[in-house]
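Colleague: Please work from the sequences and hints to get the whole structure.
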Amino acid sequence: MNHLVEMSSLTTNEIYDLLTEARFFKNGKVWRPLEQKFVANLFFEPSTRTRFSFEVAEKKLGLEVLNFTAESSSVQKGESLYDTIRTLEEIGTDAVVIRHQQDRYFDELINQVSIPILNAGDGCGNHPTQSLLDLFTIQEEFGSFEGLNIVIVGDVLHSRVARSNADVLKRLGANVFVSGPIEWFDDSLGNYISMDDAIEVADVMMMLRIQHERHEGQMNDTKEVYHQQYGLTLEREQRMKANSIIMHPAPVNRGVEIASELVESRKSRIFKQMHNGVFVRMAVLKRAMSQTAIQRGKKVCQHF
Amino acid sequence: MNHLVEMSSLTTNEIYDLLTEARFFKNGKVWRPLEQKFVANLFFEPSTRTRFSFEVAEKKLGLEVLNFTAESSSVQKGESLYDTIRTLEEIGTDAVVIRHQQDRYFDELINQVSIPILNAGDGCGNHPTQSLLDLFTIQEEFGSFEGLNIVIVGDVLHSRVARSNADVLKRLGANVFVSGPIEWFDDSLGNYISMDDAIEVADVMMMLRIQHERHEGQMNDTKEVYHQQYGLTLEREQRMKANSIIMHPAPVNRGVEIASELVESRKSRIFKQMHNGVFVRMAVLKRAMSQTAIQRGKKVCQHF
Amino acid sequence: MNHLVEMSSLTTNEIYDLLTEARFFKNGKVWRPLEQKFVANLFFEPSTRTRFSFEVAEKKLGLEVLNFTAESSSVQKGESLYDTIRTLEEIGTDAVVIRHQQDRYFDELINQVSIPILNAGDGCGNHPTQSLLDLFTIQEEFGSFEGLNIVIVGDVLHSRVARSNADVLKRLGANVFVSGPIEWFDDSLGNYISMDDAIEVADVMMMLRIQHERHEGQMNDTKEVYHQQYGLTLEREQRMKANSIIMHPAPVNRGVEIASELVESRKSRIFKQMHNGVFVRMAVLKRAMSQTAIQRGKKVCQHF
Chain C
1 MNHLVEMSSL
11 TTNEIYDLLT
21 EARFFKNGKV
31 WRPLEQKFVA
41 NLFFEPSTRT
51 RFSFEVAEKK
61 LGLEVLNFTA
71 ESSSVQKGES
81 LYDTIRTLEE
91 IGTDAVVIRH
101 QQDRYFDELI
111 NQVSIPILNA
121 GDGCGNHPTQ
131 SLLDLFTIQE
141 EFGSFEGLNI
151 VIVGDVLHSR
161 VARSNADVLK
171 RLGANVFVSG
181 PIEWFDDSLG
191 NYISMDDAIE
201 VADVMMMLRI
211 QHERHEGQMN
221 DTKEVYHQQY
231 GLTLEREQRM
241 KANSIIMHPA
251 PVNRGVEIAS
261 ELVESRKSRI
271 FKQMHNGVFV
281 RMAVLKRAMS
291 QTAIQRGKKV
301 CQHF
Chain U
1 MNHLVEMSSL
11 TTNEIYDLLT
21 EARFFKNGKV
31 WRPLEQKFVA
41 NLFFEPSTRT
51 RFSFEVAEKK
61 LGLEVLNFTA
71 ESSSVQKGES
81 LYDTIRTLEE
91 IGTDAVVIRH
101 QQDRYFDELI
111 NQVSIPILNA
121 GDGCGNHPTQ
131 SLLDLFTIQE
141 EFGSFEGLNI
151 VIVGDVLHSR
161 VARSNADVLK
171 RLGANVFVSG
181 PIEWFDDSLG
191 NYISMDDAIE
201 VADVMMMLRI
211 QHERHEGQMN
221 DTKEVYHQQY
231 GLTLEREQRM
241 KANSIIMHPA
251 PVNRGVEIAS
261 ELVESRKSRI
271 FKQMHNGVFV
281 RMAVLKRAMS
291 QTAIQRGKKV
301 CQHF
Chain H
1 MNHLVEMSSL
11 TTNEIYDLLT
21 EARFFKNGKV
31 WRPLEQKFVA
41 NLFFEPSTRT
51 RFSFEVAEKK
61 LGLEVLNFTA
71 ESSSVQKGES
81 LYDTIRTLEE
91 IGTDAVVIRH
101 QQDRYFDELI
111 NQVSIPILNA
121 GDGCGNHPTQ
131 SLLDLFTIQE
141 EFGSFEGLNI
151 VIVGDVLHSR
161 VARSNADVLK
171 RLGANVFVSG
181 PIEWFDDSLG
191 NYISMDDAIE
201 VADVMMMLRI
211 QHERHEGQMN
221 DTKEVYHQQY
231 GLTLEREQRM
241 KANSIIMHPA
251 PVNRGVEIAS
261 ELVESRKSRI
271 FKQMHNGVFV
281 RMAVLKRAMS
291 QTAIQRGKKV
301 CQHF
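Chains as they are written, first to last, in this note's numbering: chain C, 1 to 304; chain U, 1 to 304; chain H, 1 to 304.
Calculated from the structure, these hints are not laboratory results. Just so you know, not all the hints are guaranteed correct.
As a list, the in silico EDC-like pairs of lysine to aspartate or glutamate whose alpha-carbon atoms are at most 16 Å apart [to be verified]:
| no. | chain 1 | residue 1 | chain 2 | residue 2 |
| --- | --- | --- | --- | --- |
| 1 | U | K77 | H | E45 |
| 2 | H | K59 | U | E35 |
| 3 | H | K59 | U | E64 |
| 4 | U | K267 | U | E200 |
| 5 | C | K241 | C | D187 |
| 6 | U | K272 | C | E90 |
| 7 | C | K59 | H | E35 |
| 8 | U | K272 | C | E89 |
| 9 | C | K29 | H | E79 |
| 10 | H | K170 | H | D155 |
| 11 | U | K59 | C | E64 |
| 12 | H | K26 | U | E200 |
| 13 | H | K223 | H | D155 |
| 14 | C | K77 | U | E45 |
| 15 | H | K59 | C | E200 |
| 16 | C | K59 | H | E45 |
| 17 | C | K272 | H | E89 |
| 18 | U | K26 | C | E90 |
| 19 | H | K241 | H | D203 |
| 20 | C | K272 | H | E90 |
| 21 | H | K272 | U | E90 |
| 22 | C | K170 | C | E146 |
| 23 | U | K59 | H | E64 |
| 24 | C | K170 | C | D187 |
| 25 | C | K59 | U | E64 |
| 26 | C | K26 | H | E90 |
| 27 | U | K59 | C | E35 |
| 28 | U | K29 | C | E35 |
Because the structure is a prediction, the values reported are computed rather than measured.
Modeller: As structure tokens, this is what we get:
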């Protein structure tokens with residue numbers, strides 16, 4: 001079963017294969033299943049980028065899309081995630097994309113359901129397609145990951161991508177540093193570095209979103225202070241290395257983690273990350289659909 | 001006009017025709033209208049199974065799907081159901097699927113609108129496609145309905161399917177019994193039978209969902225008691241007849257009306273019911289679309 | 001960039017071209033882009049007619065539809081409209097249809113985004129596709145606009161279409177009058193006329209919706225009084241000119257601005273307006289898609 005729930009379950013080869021497939025899609029490759037296939041998108045938390053990026057990817061692959069929302073479903077009557085997915089499976093869904101507020105919601109599911117689960121974000125845990133699109137964008141920029149200095153800045157403890165990005169980037173040969181408020185620092189991700197040192201050495205400044213919804217009451221009136229201390233200010237950006245880039249998973253808090261003017265600046269790859277996300281998700285969906293096909297002993301895909 | 005609002009308006013022949021058509025679809029038959037056709041799904045109450053089952057059925061038939069939700073519609077400005085449906089009709093909708101909390105919401109509509117209404121559940125009233133999928137599942141199992149002992153268990157008064165299932169099953173030759181709390185018993189459906197007698201004679205144990213939302217405050221802390229008295233326990237299941245089956249419209253309250261372990265057990269057809277629902281709805285939609293076609297004097301369907 | 005945000009930005013020729021294109025579509029013309037194209041519908045306010053009319057139009061043109069709702073998007077995390085649209089653009093959206101509660105929400109956007117914005121209603125401001133479908137319906141009825149007496153009745157100050165309809169109708173040669181409560185009168189739209197005079201001279205009685213949600217507390221228990229004073233009663237309708245028509249953007253408050261029995265009467269074009277709305281929106285979408293095509297230097301459309 002080709003679930004994609006966390007980056008750590010992918011081998012390095014599998015990661016490179018997905019990046020290569022995404023590159024093919026970005027270059028115009030067309031792939032569609034031979035038979036009508038259904039994918040259900042189950043988003044239990046708000047999302048714009050991930051949700052619509054998946055939907056566009058699905059439609060570019062010619063898949064039929066079922067958009068599930070918790071509010072209008074039998075989850076309101078207490079139905080479990082397992083029973084919900086089993087239901088979708090019975091009515092003909094070939095894969096499910098899930099965002100859920102519960103950490104590792106998928107642990108109870110992956111051995112019990114027989115359609116692939118594509119994790120679109122779980123609690124403070126994982127967000128593998130975001131990690132893959134980050135990798136894709138870095139690879140597109142630098143060709144390889146070997147020896148790159150990557151600084152992850154912000155609330156690494158509550159970030160879905162900080163840990164999995166740190167782990168996989170180290171696996172692929174990059175040097176990972178962490179910056180931001182020292183109370184949010186976790187040394188298992190990488191060595192701490194101050195913002196002013198970071199911008200001198202970084203090839204990639206990977207800014208995380210300050211999740212105001214998680215820091216209610218603690219950060220009021222201090223956005224400007226945060227920005228001056230830990231943000232990517234206009235002044236700091238001037239001191240970044242010549243070919244270095246700025247990344248952010250978005251939505252951006254403009255003027256907090258990054259100066260508003262920098263969001264679409266020369267070094268920023270923020271909107272390019274979103275653009276690349278579609279191709280990465282096409283690759284992930286193709287992998288899930290192909291697996292289904294092989295499991296059922298039928299040839300269902302064609303290349304043209 | 002080929003509305004489908006309640007089982008009692010279908011002749012026995014029409015029921016068998018729909019079951020046969022559904023069987024063809026389950027066996028791989030493909031049917032699509034020759035022209036682009038639109039179906040709107042109007043769900044005024046939460047639903048997972050029925051809503052997505054209809055949507056999958058629609059897309060398997062190549063129909064264009066419009067998903068209407070009350071929250072984001074002009075129903076918020078006080079627009080009536082009649083005006084809403086007339087609006088959808090004018091903009092090109094060829095059929096509407098409706099779930100609504102009001103009993104017999106369709107009475108005011110069926111003679112006033114000129115597109116078919118497919119009832120996906122009204123208040124405590126009807127749910128004809130659920131009845132049809134129940135019939136389909138029983139027919140698939142036993143070949144015919146003649147002489148089968150079918151026990152309907154639970155809150156028959158508030159169930160959308162209890163009465164219409166009881167009526168149609170008797171019409172088709174089955175013996176219908178009712179079990180569960182005596183205060184919920186309605187002798188117009190069938191004779192009362194205790195759970196312990198029921199399991200000895202039943203070919204089909206048709207469990208109903210306890211609608212906790214309707215029994216607020218009355219059933220707290222008594223789920224285990226209910227399960228022991230009126231539920232399908234592991235122990236009772238052991239005493240069921242050799243070829244008997246268990247059905248439930250779902251969502252299941254695991255451990256209340258049925259032991260959690262039995263939901264996917266050998267005798268259970270609960271997930272098969274969901275699976276069959278798609279084909280039954282394809283048959284119902286084809287009937288609605290064909291009617292539209294004939295009414296307008298155009299040939300719009302092809303078989304291939 | 002072929003935005004459509006307000007009627008005043010269209011030349012008279014462009015208006016006639018759109019009406020002609022809409023006529024072609026009503027007469028069965030088929031046009032589809034050669035490549036897969038995506039349109040996102042962003043409705044920040046409830047809507048039935050406009051939202052589904054756009055969706056049907058999009059699907060008739062073979063466009064892929066993304067239905068965005070504010071509740072389930074990153075707007076919940078404070079993301080701006082600009083960042084939302086830029087996101088949709090990056091993931092491959094070719095045009096956005098937007099309804100938003102803020103007057104002229106588009107002013108900040110139209111020079112910053114590179115995909116067409118089709119305004120589906122802004123605050124109390126504009127609703128250009130409603131204006132176009134009104135024009136289409138009048139043209140269909142009378143052939144031209146020259147010399148027609150058109151009376152706009154109701155809350156012209158809060159109406160999205162009153163001003164833009166008044167302006168464009170005068171531009172096209174019609175005589176525009178305003179009726180209804182004098183305290184809502186705005187002489188920049190046209191001369192005031194009493195209801196009883198209006199019905200004697202009007203070729204078109206263009207009724208506006210009383211927006212109860214905007215007059216909370218002011219109009220309780222006075223609906224019948226309003227109807228008698230300013231409504232189109234059965235009695236008044238009898239005195240209308242022989243070939244005159246009644247229009248209303250809907251949803252109608254039956255028995256307030258118009259007698260319920262008149263909604264589908266001989267003179268009413270209310271449901272025809274909805275019907276025509278689809279073709280007008282197809283014309284507007286085709287214009288937006290063609291523009292995109294030309295801008296990118298590719299041939300993307302075909303006529304067949």
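Colleague: Now, for every hint given, state plainly whether the structure supports it.
Modeller: Each hint, compared with the structure:
1. K77(U) x E45(H): It holds: about 11 Å lies between the C-alpha atoms, which stays within 16 Å.
2. K59(H) x E35(U): Distance ~13 Å between K59(H) and E35(U) Cα, so the pair holds.
3. K59(H) x E64(U): 8 Å, holds
4. K267(U) x E200(U): Distance of about 14 Å is within 16 Å: holds.
5. K241(C) x D187(C): 25 Å, violated
6. K272(U) x E90(C): 7 Å, holds
7. K59(C) x E35(H): Distance ~13 Å between K59(C) and E35(H) Cα, so the pair holds.
8. K272(U) x E89(C): Roughly 11 Å between the alpha carbons, so the hint for K272(U) and E89(C) holds.
9. K29(C) x E79(H): Status violated; Cα separation ~33 Å.
10. K170(H) x D155(H): 19 Å, violated
11. K59(U) x E64(C): It holds: about 8 Å lies between the C-alpha atoms, which stays within 16 Å.
12. K26(H) x E200(U): 64 Å, violated
13. K223(H) x D155(H): 14 Å, holds
14. K77(C) x E45(U): 11 Å, holds
15. K59(H) x E200(C): The given pair, whose Cα atoms are some 52 Å apart, is violated under the 16 Å limit.
16. K59(C) x E45(H): 26 Å, violated
17. K272(C) x E89(H): 11 Å, holds
18. K26(U) x E90(C): Distance of about 13 Å is within 16 Å: holds.
19. K241(H) x D203(H): Roughly 7 Å between the alpha carbons, so the hint for K241(H) and D203(H) holds.
20. K272(C) x E90(H): Distance ~7 Å between K272(C) and E90(H) Cα, so the pair holds.
21. K272(H) x E90(U): 7 Å, holds
22. K170(C) x E146(C): 9 Å, holds
23. K59(U) x E64(H): Judged against 16 Å, a Cα distance of about 14 Å means the pair holds.
24. K170(C) x D187(C): 14 Å, holds
25. K59(C) x E64(U): Given that 16 Å is the threshold and the Cα spacing comes to 14 Å, the pair holds.
26. K26(C) x E90(H): 13 Å, holds
27. K59(U) x E35(C): 13 Å, holds
28. K29(U) x E35(C): Status holds; Cα separation ~14 Å.
Of the numbered hints listed earlier, those contradicted by the structure are 5, 9, 10, 12, 15 and 16.
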